[in-house]
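Make the full structure from the sequences, and use the hints.
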Amino acid sequence: MTHLSERAQALTLAVPGNDLDAYMRAVNAVPVLSADEEQRLGERLYYDQDLDAARSLVLSHLRFVAHIARSYTGYGLPLGDLVQEGNVGLMKAVKRFDPTKGVRLVSFAVHWIKAEIHEYVIKNWRIVKVATTKAQRKLFFNLRGQKKRLGRLTMEEAQRVADDLGVTAAQVKEMEGRLGAYDASFDGPTNDDDDSTVVSPAAYLHSDNSDPADLIAEQDQQDRETRQLGSALMALDDRSRDILERRWLADQKATLQELADEYSVSAERIRQLENNAIKKLRNAMA
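Residues in the sequence shown are numbered from 833 upward in steps of one, following my numbering.
By construction, these hints were calculated from the structure, which means they are not laboratory data.
None of these values were measured; they are calculated from a predicted model.
Mixed in with the good hints there might be a few duds.
[What the hints assert, rightly or not] Listed next, the in silico EDC-like pairs over lysine to aspartate or glutamate satisfying Cα-Cα at most 20 angstroms (straight line):
id	residue 1	residue 2
1	Lys946	Glu989
2	Lys1085	Glu988
3	Lys1085	Asp996
4	Lys927	Asp868
5	Lys933	Asp882
6	Lys1085	Glu1106
7	Lys1005	Glu989
8	Lys1112	Asp1074
9	Lys924	Asp913
10	Lys927	Asp884
11	Lys927	Glu988
12	Lys1111	Glu1100
13	Lys1085	Glu1100
Next comes the structure, spelled out in structure tokens:
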């Protein structure tokens, strides 16, 4: 009875329902496996085809799938669907995981998780909201024809395209990024019907940062720092914030003299305001 309830739990967690917040709380409550625990479970699955071991491996990595899926929310697709597709990739990875290779499951699974999510995004190209405004629709249908060469547009090229289409350079770069996101490919076959599928060697590249707990902790730290930085910027006066944003965050950074002319002060005064603002940010982030 216990095995049945645990398998039912695994199936429930693998398919996010309408309450995505509850799902996230549930997967985050599943303990992260140590390297030794993961190795033992991997060997039980690899040598004995132990389905309970497979279930434990899947459950302990669902939080990592959710972490990856969040990075694809900018494509206009429901996060729950992205998580579910990523979970399919995780299950495929667990099925093929070879514990004798000496790498953590997460290093191997990340390729399968992303492959499934990418495939889902590509299949739903027509319903992805890449062009919700008039300017974006104009860019969507004209940008490829406007590009003069292969590769990323420079800021000068983006500005020329923007002038031609009557939009801003920032909108051109944003749409280029959205369109370029679909050009990803994965080496090696991914046919789930063939158990003899040869896994791409890239899937076994060693990573020193492959522990899922470390990855999640790192992302949490980055999120906290981003929120702190945003709060610190908003606490600055309008002039100091404008100087910092245009000196450090803008694509085309303003010079001290340009800002000095605009604010009718000396370039040295702008430098002082910039240094004082940076010092306030550092104190807020400490």
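Handout entry: Hinted pair Lys924 and Asp913, Cα distance within 20 angstroms
Key = OK: Lys924 and Asp913 at ~17 angstroms, within 20 angstroms.
Exercise for the section: Decide if the proposed pair is consistent with the structure: Lys927 and Glu988, CA atoms, cutoff 20 angstroms inclusive. Expected result: Given pair Lys927, Glu988 is violated - Cα atoms ~49 angstroms apart, limit 20 angstroms.
Problem - Pair hint Lys927 and Asp884, alpha-carbon separation not exceeding 20 angstroms - result: Between Lys927 and Asp884 the Cα gap is close to 12 angstroms, so the pair holds against 20 angstroms.
Problem - Pair hint Lys1111 and Glu1100, alpha-carbon separation not exceeding 20 angstroms - result: holds (16 angstroms)
Practice task
Verify the proposed pairing of Lys946 with Glu989, using a straight-line Cα cut of 20 angstroms.
Solution key: violated (31 angstroms)
Handout entry: Distance restraint between Lys1085 and Glu1106, which requires alpha-carbon spacing of 20 angstroms or less
Key = Holds: Lys1085 and Glu1106 sit about 13 angstroms apart, inside 20 angstroms.
Handout entry: Given hint Asp882 paired with Lys933 - CA-CA distance at most 20 angstroms
Key = holds (19 angstroms)
Practice task
Mind checking the alpha carbons of Lys1085 and Glu988 for me, to see if they're no more than 20 angstroms apart?
Solution key: holds (14 angstroms)
Problem - Hinted pair Lys1085 and Glu1100, Cα distance within 20 angstroms - result: Holds, because 17 angstroms separates the two Cα atoms, which is no more than 20 angstroms.
Practice task
Would you check the hint for Lys1005 and Glu989, treating anything up to 20 angstroms between C-alpha atoms as holding?
Solution key: holds (10 angstroms)
Handout entry: Satisfaction of hint between Asp996 and Lys1085, Cα-Cα up to 20 angstroms
Key = violated (23 angstroms)
Exercise for the section: For the pair we were handed, Lys1112 and Asp1074, check the Cα-Cα distance against 20 angstroms. Expected result: Given that 20 angstroms is the threshold and the Cα spacing comes to 14 angstroms, the pair holds.
Consistency note: the structure conflicts with the earlier hints numbered 1, 3 and 11.
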